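The task is simple: from the sequences and hints, build the whole structure.
Listed here are the chains, written in short residue letters.
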Amino acid sequence: MSNHEIVGYIFICIGAIFDFFGCMGLVRLPDVYNRLQAATKCVTLGTMFILVGAAVVTATPAIAIKAILCALFVLITSPTGAHALARGSYLSGVKLWNKSVTNKFEERAEEIKKTYSGETK
Amino acid sequence: MTFIYFIASVLAASCFLCLYRIGHGPTAPDRSVAIDILGTVVVGFVALSAVVMRKDFYINLAIAWALVSFIGTLALSKHLEGRRFDE
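The listed protein sequences derive, respectively, from chains A and B.
The letter at position 22 of the first sequence is residue 22 when you use my numbering, and the numbering goes up by one with no holes.
The letter at position 37 of the second sequence is residue 37 when you use my numbering, and the numbering goes up by one with no holes.
Since the hints were made in silico from the structure, they are not lab data.
Quick caveat, the model's predicted, so the values are computed rather than measured.
Please note that the accuracy of each hint is not assured.
[What the hints assert, rightly or not] Here are the computed distance ranges between Cβ atoms for each label pair:
(1) Thr2(B) with Asn34(A): 15 to 21 angstroms
(2) Tyr20(B) with Tyr116(A): 29 to 35 angstroms
(3) Ala62(A) with Ala13(B): 28 to 34 angstroms
(4) Ala59(A) with Phe6(B): 20 to 26 angstroms
(5) Gly72(B) with Lys41(A): 30 to 36 angstroms
(6) Ala64(B) with Pro79(A): 18 to 24 angstroms
(7) Asn3(A) with Gly82(B): 51 to 57 angstroms
(8) Gly82(B) with Phe21(A): 30 to 36 angstroms
(9) Lys41(A) with Ile71(B): 17 to 23 angstroms
(10) Gly82(B) with Met1(A): 51 to 57 angstroms
(11) Phe6(B) with Thr80(A): 16 to 22 angstroms
(12) Gly82(B) with Ser100(A): 19 to 25 angstroms
(13) Ala28(B) with Leu69(A): 29 to 35 angstroms
[Said to hold, decoys possible] Once the Cα atoms are required to be at most 20 angstroms apart in a straight line, the calculated SDA-like pairs of lysine to any residue come out as:
(14) Lys41(A) with Val42(B)
(15) Lys95(A) with Ala109(A)
(16) Lys41(A) with Leu67(B)
(17) Lys114(A) with Leu61(B)
(18) Lys41(A) with Leu74(B)
(19) Lys99(A) with Pro26(B)
(20) Lys104(A) with Ile76(A)
(21) Lys99(A) with Asn34(A)
(22) Lys41(A) with Tyr5(B)
(23) Lys78(B) with Gly93(A)
(24) Lys95(A) with Pro26(B)
(25) Lys95(A) with His79(B)
(26) Lys55(B) with Val56(A)
(27) Lys78(B) with Val56(A)
(28) Lys95(A) with Met1(A)
(29) Lys99(A) with Cys15(B)
(30) Lys41(A) with Ile14(A)
(31) Lys78(B) with Ile76(A)
(32) Lys55(B) with Lys114(A)
The beta carbon of each residue, even a glycine, is placed where N, CA and C say it ideally should be.
What follows is the structure, given as structure tokens:
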């Protein structure tokens, strides 16, 4: 096993452990918003580590370039999807956890709901 | 190869944790979040199988899976807001 393979396998191992802890946060945390932020951050970083590790281990251009592209794609799309999901779940009426401290989206959500009800009438 | 089995079992355990949240989640947004996370974990799994098999089309599968998962997440969030998909 050569040097770059060892470095790449270390990257893949770190990524897998990040994925596991993110999914554990998805199971353990009390609220949909807490679950969303824990799981999205950990799993995005973990998957990017696995993809970069795959690029480093194989070191062939056909796999490495596409793996780096896929890592960039996951870096852009995963927070976007999480943002849309958080907004959708708040507007669908899911309450915050009863020990949550602040809610800065409340006024803006009221405005958005008024706009939609005006459109439907 | 034992090392590869270790990584694959860790990723499979994360997939099963996501499946637990999909099956057990109290509300619909919980299930949607778990579906999104499951899609991202599967992208990592496919990249791992690209390393094991040394075939480059597995990375194409990973890119396609990430695309489909992203579009599905956006559609689910629109549906949760109570709007149509073309607004």
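For each hint, the structure was consulted:
In this structure, threonine 2(B) and asparagine 34(A) break the distance hint of 15 to 21 angstroms, their C-beta atoms being roughly 36 angstroms apart. Between tyrosine 20(B) and tyrosine 116(A) the beta carbon distance is about 34 angstroms. The supplied range of 29 to 35 angstroms therefore holds. Evaluation of the 28 to 34 angstroms hint for alanine 62(A) and alanine 13(B) yields a pass: the beta carbon distance comes to about 31 angstroms. Checked against the hint of 20 to 26 angstroms, the pair alanine 59(A) and phenylalanine 6(B) passes, with Cβ atoms roughly 22 angstroms apart.
Restraint check, glycine 72(B) to lysine 41(A): a C-beta distance of roughly 20 angstroms breaks the suggested window 30 to 36 angstroms. Hint check: alanine 64(B) to proline 79(A), Cβ distance near 20 angstroms, so the stated range 18 to 24 angstroms holds. As the Cβ distance of asparagine 3(A) to glycine 82(B) is approximately 55 angstroms, the hint placing it in 51 to 57 angstroms holds. Separated by about 33 angstroms at the C-beta atoms, glycine 82(B) and phenylalanine 21(A) satisfy the suggested range of 30 to 36 angstroms.
One distance hint, 17 to 23 angstroms for the beta-carbon pair lysine 41(A) and isoleucine 71(B), holds here, with the actual separation near 21 angstroms. Distance hint check: the CB atoms of glycine 82(B) and methionine 1(A) are about 54 angstroms apart, consistent with the given range 51 to 57 angstroms. At about 32 angstroms, the CB distance of phenylalanine 6(B) to threonine 80(A) disagrees with the hint of 16 to 22 angstroms. Glycine 82(B) and serine 100(A) have their C-beta atoms about 23 angstroms apart, which keeps the hinted 19 to 25 angstroms range intact.
Separation of alanine 28(B) from leucine 69(A) is about 33 angstroms and conforms to the stated range, judged on CB atoms against 29 to 35 angstroms. The suggested pairing of lysine 41(A) with valine 42(B) holds, with an alpha-carbon distance near 16 angstroms, which does not exceed 20 angstroms. At most 20 angstroms may separate the alpha-carbon atoms for a hinted pair to count; lysine 95(A) and alanine 109(A) meet this at roughly 13 angstroms. Between lysine 41(A) and leucine 67(B) the alpha-carbon distance is near 18 angstroms, which keeps this suggested pair within the 20 angstroms criterion.
Restraint check: the Cα-Cα separation between lysine 114(A) and leucine 61(B) comes to about 42 angstroms, which exceeds 20 angstroms; the hinted pair is violated. Of the supplied pair hints, the one linking lysine 41(A) and leucine 74(B) holds, its CA atoms being roughly 18 angstroms apart against a limit of 20 angstroms. Among the hinted pairs, lysine 99(A) with proline 26(B) is consistent with the structure: their alpha-carbon atoms are about 18 angstroms apart, no more than 20 angstroms. A hinted pair counts as satisfied when its Cα atoms are at most 20 angstroms apart, and lysine 104(A) with isoleucine 76(A) does not qualify at roughly 24 angstroms.
In summary, the hint linking lysine 99(A) to asparagine 34(A) is supported, as the alpha carbons are separated by about 12 angstroms, within the 20 angstroms threshold. Taking the CA atoms of lysine 41(A) and tyrosine 5(B), the gap is about 25 angstroms. The hint is violated against a cut of 20 angstroms. Taking the CA atoms of lysine 78(B) and glycine 93(A), the gap is about 14 angstroms. The hint holds against a cut of 20 angstroms. Taken as a hint, the lysine 95(A) and proline 26(B) pair is honoured in the structure, with Cα atoms around 12 angstroms apart against an allowance of 20 angstroms.
Of the supplied pair hints, the one linking lysine 95(A) and histidine 79(B) holds, its CA atoms being roughly 18 angstroms apart against a limit of 20 angstroms. In summary, the hint linking lysine 55(B) to valine 56(A) is supported, as the alpha carbons are separated by about 15 angstroms, within the 20 angstroms threshold. Distance restraint check for lysine 78(B) and valine 56(A): the Cα-Cα separation of roughly 38 angstroms exceeds the 20 angstroms cut-off, and the hinted pair is therefore not satisfied. For the given pair, lysine 95(A) sits about 52 angstroms from methionine 1(A) by alpha-carbon distance, which is inconsistent with the 20 angstroms threshold.
Taking the CA atoms of lysine 99(A) and cysteine 15(B), the gap is near 29 angstroms; set against the 20 angstroms cutoff, the hint is violated. This hinted pair checks out: lysine 41(A) and isoleucine 14(A) have alpha carbons roughly 14 angstroms apart, not beyond 20 angstroms. Of the supplied pair hints, the one linking lysine 78(B) and isoleucine 76(A) holds, its CA atoms being roughly 19 angstroms apart against a limit of 20 angstroms. Between lysine 55(B) and lysine 114(A) the CA atoms are separated by roughly 53 angstroms; this puts the pair beyond 20 angstroms, and the hint is violated.
When held up to the earlier numbered hints, the structure conflicts with 1, 5, 11, 17, 20, 22, 27, 28, 29 and 32 and fits the remainder.
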